[in-house]
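Asker: With the hints as constraints, model all of the structure from the sequences given.
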Amino acid sequence: MKKKLALFLTALFVTGAVTGCGKNTQTTSSNGGAETIKIGLDYELSGQAATYGQSLVQGIELAFEEINKAGGVLGKQIEPVKVDNKSEPAEAANVASKLVTRDKVVAILGPATSGNTKGAAPVAIQNKVPLISASATADDVTVDSNGKVREFIFKTCFSDSFQGVIMANFAYQDLGKKNAVLLVDSSSDYSKGLSKSFKETFEKFGGKVLSEEAYQSKDTNFKAVLTNIKGLNPDVIYLPGYYEEVGLIIKQARELGINIPILGGDGYESPKLVELAGKSALNEVYFTNHYSSKDTSSEVVNFQKAFKDKYNKEPDAFNALGYDLAYFCVDALKRAGEADPIKLKDAIASTKDFKGVTGIITIDENHNPIKSITILQMKDGEQIFLKKLDAK
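Residues in the sequence shown are numbered consecutively from 1, following full-length UniProt numbering.
Be aware that one or more of the hints could be misleading.
Derived lysine-lysine pairs resembling DSS-like cross-links, with alpha carbons at most 30 Å apart [as the list claims (entries may be wrong)]:
no., residue 1, residue 2
1, Lys308, Lys388
2, Lys178, Lys128
3, Lys388, Lys199
4, Lys82, Lys355
5, Lys76, Lys310
6, Lys294, Lys305
7, Lys388, Lys86
8, Lys251, Lys387
9, Lys38, Lys76
10, Lys178, Lys223
11, Lys305, Lys279
12, Lys343, Lys310
13, Lys230, Lys204
14, Lys69, Lys98
15, Lys352, Lys379
16, Lys192, Lys223
17, Lys294, Lys251
18, Lys379, Lys196
19, Lys128, Lys98
20, Lys308, Lys379
21, Lys355, Lys343
22, Lys310, Lys38
23, Lys387, Lys178
I should point out that these hints are in silico values taken from the structure, not numbers from a laboratory.
Answerer: This is the structure we're talking about:
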């Protein structure tokens, strides 16, 4: 679910930017005032994915505020530079380029969705500046089609394939379901990726996929496809998608008398899901997520208090992901020893046992995190924590 942007203009510029990185990523006033380290925030602040982008930025800004109050990093204050990619891959790349060439950031955090992140990745690689996404779950974000690791691209969230495997196991083993229908957004790599891994795992267990049905992003009437599904008499539906369509699909499914469990992924994480589906429709709904507000660890409790004090509301999973991302980046900066993109990249790649709100993160050889995943249940529109599972 998720997009990242880091763009750098020319090879000639990059040579100067990298060799003089310690100076180029800092801003000093003409009268010798305090220096800052600039970090770019390339996010979906408007457009279709704005809910995710805005939530991530809230978490990031809270973390940077705390870090700066505690003295900053490497003796300097963090200066976040926030830009809106309008939920478009091309714009994500465009603003990432500006962050690098105009603002001279040492790293780019974001984007939120996988599509936007993949759009920005080539520029980050070309210009040798690390780009880290907290929510781009697609498996091919950090590894290209040839299996080569993208050197400057990282993520701190689990991958789509992991979500699909976990939910197939949950459907078959925990819920005891044997006959599934997949309802997939054919326009979304995210939805197709989760569906693929769910199907493969579910069938390995002995489950049967009765049909793979499709819809497209921005569709609003799903009665025809849902009527087809009802006629197949499945005992579970796997619906990996984003809350905009998922909310309407669940609402219309319940109206048609389809009351079997509906399962999905982290794209369900939005208060708008409840607005779209209605509380009464959100029963027997389960999804994988990065975080649960019911977690009683000190990291979660302290984060929730700080977030509520600043924003006067309860945090969601994307707030938590953004918060972790900011601290993760600063932790790597400390280990790098200076605001140098190359050294920062190496420090990120060597991260082990970083303890965050959404779990303990170790970066693997593919620049993905080894971390836990949470399964949540919806009951009358409220999220209920079921279990947390470690990556294996």
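Asker: Does each hint fit the structure? Answer for all of them.
Answerer: Status of each hint after checking the structure:
1. Lys308 x Lys388: holds, 24 Å
2. Lys178 x Lys128: Answer violated: lysine 178 to lysine 128 is near 48 Å, above 30 Å.
3. Lys388 x Lys199: holds, 22 Å
4. Lys82 x Lys355: It holds: about 26 Å lies between the C-alpha atoms, which stays within 30 Å.
5. Lys76 x Lys310: holds, 23 Å
6. Lys294 x Lys305: Given that 30 Å is the threshold and the Cα spacing comes to 13 Å, the pair holds.
7. Lys388 x Lys86: violated, 33 Å
8. Lys251 x Lys387: holds, 26 Å
9. Lys38 x Lys76: Roughly 10 Å separates the two Cα atoms, so the pair holds.
10. Lys178 x Lys223: holds, 24 Å
11. Lys305 x Lys279: It holds: about 26 Å lies between the C-alpha atoms, which stays within 30 Å.
12. Lys343 x Lys310: violated, 33 Å
13. Lys230 x Lys204: holds, 24 Å
14. Lys69 x Lys98: Since the Cα atoms of lysine 69 and lysine 98 sit roughly 28 Å apart, the hinted pair holds (cutoff 30 Å).
15. Lys352 x Lys379: Status violated; Cα separation ~36 Å.
16. Lys192 x Lys223: OK: lysine 192 and lysine 223 at ~21 Å, within 30 Å.
17. Lys294 x Lys251: holds, 26 Å
18. Lys379 x Lys196: OK: lysine 379 and lysine 196 at ~27 Å, within 30 Å.
19. Lys128 x Lys98: holds, 15 Å
20. Lys308 x Lys379: At roughly 24 Å apart (the allowed maximum being 30 Å), lysine 379 and lysine 308 satisfy the hint.
21. Lys355 x Lys343: holds, 21 Å
22. Lys310 x Lys38: Roughly 23 Å between the alpha carbons, so the hint for lysine 310 and lysine 38 holds.
23. Lys387 x Lys178: holds, 21 Å
Of the numbered hints listed earlier, those contradicted by the structure are 2, 7, 12, 15.
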